[in-house]
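Each chain, letter by letter, is given below.
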Amino acid sequence: MQKTVNQKAWFLVLPVFLLVAFSAVIPLMTVVNYSVQDTFGNNQFFWVGLEWFSELLHSERLHAALGRQIVFSSIILAIEVPLGVFIALNMPQKGLWASVCLVLMALPLLIPWNVVGTIWQIFGRVDIGLLGHTLAALGIDYNYTQDPLDAWVTVIVMDVWHWTSLVALLAYAGLQSIPQAYYQAAKIDQASRWSVFWFIELPKMQGVLMIAILIRFMDSFMIYTEPFVVTGGGPGNATTFLSIDLVKMALGQFDLGPAAAFSLMYFLTVMLVSWVFYTVMTNLDKKAGL
Amino acid sequence: MAKIRTQKPGWFSGKALVMVLYILFLLIPIYWLINMSLKTNEEIISVFSVWPRHLTFDNYKTILTDASWYMGYVNSMIYVVLNVVISLTVALPAAYAFSRYSFIGDKHLFFWLLSNRMAPPAVFALPFFQLYSSVGLFDTHIAVALAHTLFNVPLAVWILEGFMRGVPKEIDETAYVDGYSFPRFFTRIFMPLIASGIGVAAFFCFMFSWVELLLSRTLTSVAAKPITAVMTRTVSASGMDWGVLAAAGVLTIVPGALVIYFVRNYIAKGFALGRV
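These protein sequence lines are chains Z and C, in that order. Counted the way this note's numbering counts, the first sequence spans residues 91 to 380. Counted the way this note's numbering counts, the second sequence spans residues 498 to 773.
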């Protein structure tokens, strides 16, 4: 759609601008302020410049947390995106069953995150949880509070349980928008199921899949509550992702300076990656003629 | 319109099997929570059973008769509703501006808004605590509602803009020619046209405000404490009160399930942020 140039439109945007400025810029400035100072308590602050930043850039603790975070985000994207598309392809198209599937699939998305954690914490316990008990009965040595690998598997399965539906629903919405004529043409050409997917469905889903990947990347990179409830970042530091580490540092140890520097680098990383996604996405939008 | 890629005839096709397996995977952990919420603590710890042997509603009774428990739900509902109202009120005009006009800095502003959706809440927990304490809003519902606008307003703008783009501009122009003022046109003609978009945006604001824990826990202590934070107190000296914890968890799922039911026909389009 051709947009009219109209500077007065700023007045319509002003309320959002002021609100977000209040709830984002002021706190962010506080963070910037802390990140360049040190304190010994009593509200006495000393200028330390970029010391915290350089210290953090060489901190093994941060590198380890970042490494875990990247591995985690990669694994869940690699599982959830293909699985979500697969589920969407198998969803009923319309009628009662389609509604039932939609409602049931959306259910995990509306559960408070710490309840999601609680559900899996209980479900995985060997003494009272169905999963833990069943695995123990099968003779598999499973204990997510002791074994790092088990903790990782639990956290990943939990995230797949929690968020795959989001990808599936997005892909489903993309599939629904494909005109019937495409399928008819494919049938006339005697295209195989695979080429229908590869040449029709996948390109048409590209836009929504980018949204799915963007949202899943952002949210998995910021994940805090669910793994914190299930494993508390443990055993040891095995599942201490960036947010968990940051909260430990800021609210637990009250190391304001390093925590603030950490916050800024964290925020910038998320923003940078998201910006790349966003640029690709808007280019796709343009290509689609929106 | 008949779909060509329909299932093979027969009741139990491969597609149905996939869906049944997936939905079982989703529902079994939830079922386990419900199962536990209907048992006594003794039964949970001593016997392993896939359904309650001695059905009891005591856990729910505990929650629904104790003000410190059920006020958690009330508090959560208050700030979630406040948040939805605030987010939509400011996002509607902004989304209209983004969908209809180009102005200085529009693209940068749009990305800046979105960038707040990308801000890890952990980054903002401490500064928020200090900001709202210093303006005397700590432990109020409005503080949590305002804090949650950080990620909900950008999302609402994004969703609404997608829906508004689908409304032809000729409608605006015709209305202005007919002598409608902007506020009147916006509320009488435009908003009804994108009613489903507003519903979807409200759904998402509800969802992300309802499920969030870190900020709402940091910004409250007693008066506005959300249910998600109240739940942590089931850990006591005498061990975990599993039954009550499970019952509280089940009760947090109910509002979400109700909301999903109402917007079920728009869920898919909504998740695509109006962009399909």
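Among these hints, one or two may not hold up.
In silico negatives: residues of chain C with every beta carbon more than 12 Å from chain Z [to be verified]:
id, residue
1, T586
2, K604
3, V719
Keeping only pairs whose Cα atoms sit at most 25 Å apart, straight-line, the calculated SDA-like set for lysine to any residue is [to be verified]:
id, chain 1, residue 1, chain 2, residue 2
4, Z, K277, Z, L292
5, Z, K93, C, R597
6, Z, K93, C, L585
7, Z, K184, C, K604
8, C, K512, Z, K93
9, C, K604, Z, Q127
10, C, K512, Z, S310
11, Z, K98, C, F759
12, C, K604, Z, I303
13, Z, K294, Z, L108
14, Z, K98, C, W609
15, Z, K338, Z, K277
16, Z, K93, C, I686
17, C, K604, C, F687
18, C, K558, C, L755
19, Z, K184, C, L524
20, C, K666, Z, S310
21, Z, K338, Z, T372
22, C, K666, C, S599
23, Z, K98, Z, T120
24, Z, K93, C, V719
25, C, K666, C, L755
26, Z, K338, C, K512
27, Z, K338, Z, R158
28, Z, K338, Z, W242
29, Z, K294, Z, W242
30, Z, K338, Z, L104
31, Z, K184, Z, A168
32, Z, K338, C, V719
33, C, K604, Z, W242
34, Z, K93, C, F759
35, Z, K98, C, G602
36, Z, K184, C, K666
The set of hints was computed from the structure by calculation and includes no laboratory data. Idealized CB from N, CA, C, for every residue including glycine.
Consistency of the hints with the structure:
1. Not every CB of chain Z is more than 12 Å from the CB of C/T586 (nearest about 8 Å), against its label as outside the interface.
2. Non-interface status of C/K604 relative to chain Z is broken: a Cβ of that chain comes within 12 Å, the nearest being about 9 Å off.
3. At roughly 19 Å from the closest C-beta of chain Z, the C-beta of C/V719 stays outside 12 Å, upholding its exclusion from the interface.
4. Taking the CA atoms of Z/K277 and Z/L292, the gap is about 17 Å. The hint holds against a cut of 25 Å.
5. For the hint pairing Z/K93 with C/R597, the CA-to-CA distance comes to about 6 Å; that is within 25 Å, so the pair holds.
6. Taking the CA atoms of Z/K93 and C/L585, the gap is about 23 Å. The hint holds against a cut of 25 Å.
7. Among the hinted pairs, Z/K184 with C/K604 is inconsistent with the structure: their alpha-carbon atoms are about 38 Å apart, more than 25 Å.
8. This hinted pair does not check out: C/K512 and Z/K93 have alpha carbons roughly 44 Å apart, beyond 25 Å.
9. Taking the CA atoms of C/K604 and Z/Q127, the gap is about 34 Å. The hint is violated against a cut of 25 Å.
10. Our distance criterion of 25 Å between C-alpha atoms is broken by C/K512 and Z/S310, whose separation comes to about 29 Å.
11. Taking the CA atoms of Z/K98 and C/F759, the gap is about 37 Å. The hint is violated against a cut of 25 Å.
12. Note on C/K604 and Z/I303: the hinted pairing holds, with a Cα-Cα distance of about 22 Å set against a maximum of 25 Å.
13. Taking the CA atoms of Z/K294 and Z/L108, the gap is near 38 Å; set against the 25 Å cutoff, the hint is violated.
14. Between Z/K98 and C/W609, the direct Cα distance comes to roughly 20 Å. Compliance with the 25 Å bound is thereby established for this hinted pair.
15. The straight-line distance between the Cα atoms of Z/K338 and Z/K277 is roughly 58 Å, outside the 25 Å bound, and the hint therefore fails.
16. Pair hint Z/K93 plus C/I686 holds up; C-alpha atoms about 20 Å apart against a cutoff of 25 Å.
17. Taking the CA atoms of C/K604 and C/F687, the gap is near 23 Å; set against the 25 Å cutoff, the hint holds.
18. Our distance criterion of 25 Å between C-alpha atoms is met by C/K558 and C/L755, whose separation comes to about 21 Å.
19. Proximity of Z/K184 to C/L524 is assessed by CA-CA distance (about 22 Å); at most 25 Å being required, the pair is judged to hold.
20. Under the criterion of a C-alpha separation no larger than 25 Å, the hint pairing C/K666 with Z/S310 is inconsistent with the structure, at around 38 Å.
21. Between Z/K338 and Z/T372, the direct Cα distance comes to roughly 37 Å. Violation of the 25 Å bound is thereby established for this hinted pair.
22. For the hint linking C/K666 to C/S599, the alpha-carbon distance of about 14 Å falls within 25 Å, and the restraint holds.
23. The straight-line distance between the Cα atoms of Z/K98 and Z/T120 is roughly 32 Å, outside the 25 Å bound, and the hint therefore fails.
24. With a C-alpha separation of about 49 Å, the suggested pairing of Z/K93 with C/V719 is violated against the 25 Å cut-off.
25. Distance check on the hinted pair: C/K666 and C/L755 sit about 35 Å apart at the alpha-carbon level, beyond 25 Å; violated.
26. With a C-alpha separation of about 45 Å, the suggested pairing of Z/K338 with C/K512 is violated against the 25 Å cut-off.
27. The hinted pair formed by Z/K338 and Z/R158 meets the criterion: a straight-line CA distance of about 16 Å does not exceed 25 Å.
28. Annotation: proposed proximity of Z/K338 to Z/W242 holds, straight-line Cα distance about 20 Å (limit 25 Å).
29. Between Z/K294 and Z/W242 the CA atoms are separated by roughly 34 Å; this puts the pair beyond 25 Å, and the hint is violated.
30. Pair hint Z/K338 plus Z/L104 does not hold up; C-alpha atoms about 36 Å apart against a cutoff of 25 Å.
31. About 29 Å separates the Cα atoms of Z/K184 and Z/A168, which puts this hinted pair outside 25 Å; it is violated.
32. Only pairs whose Cα atoms come within 25 Å are accepted, and Z/K338 paired with C/V719 is accepted, the gap being roughly 23 Å.
33. Pair hint C/K604 plus Z/W242 does not hold up; C-alpha atoms about 40 Å apart against a cutoff of 25 Å.
34. Distance check on the hinted pair: Z/K93 and C/F759 sit about 34 Å apart at the alpha-carbon level, beyond 25 Å; violated.
35. Proximity of Z/K98 to C/G602 is assessed by CA-CA distance (about 12 Å); at most 25 Å being required, the pair is judged to hold.
36. The straight-line distance between the Cα atoms of Z/K184 and C/K666 is roughly 32 Å, outside the 25 Å bound, and the hint therefore fails.
In summary, the structure is inconsistent with hints 1, 2, 7, 8, 9, 10, 11, 13, 15, 20, 21, 23, 24, 25, 26, 29, 30, 31, 33, 34 and 36 from the numbered list given earlier, while agreeing with the others.
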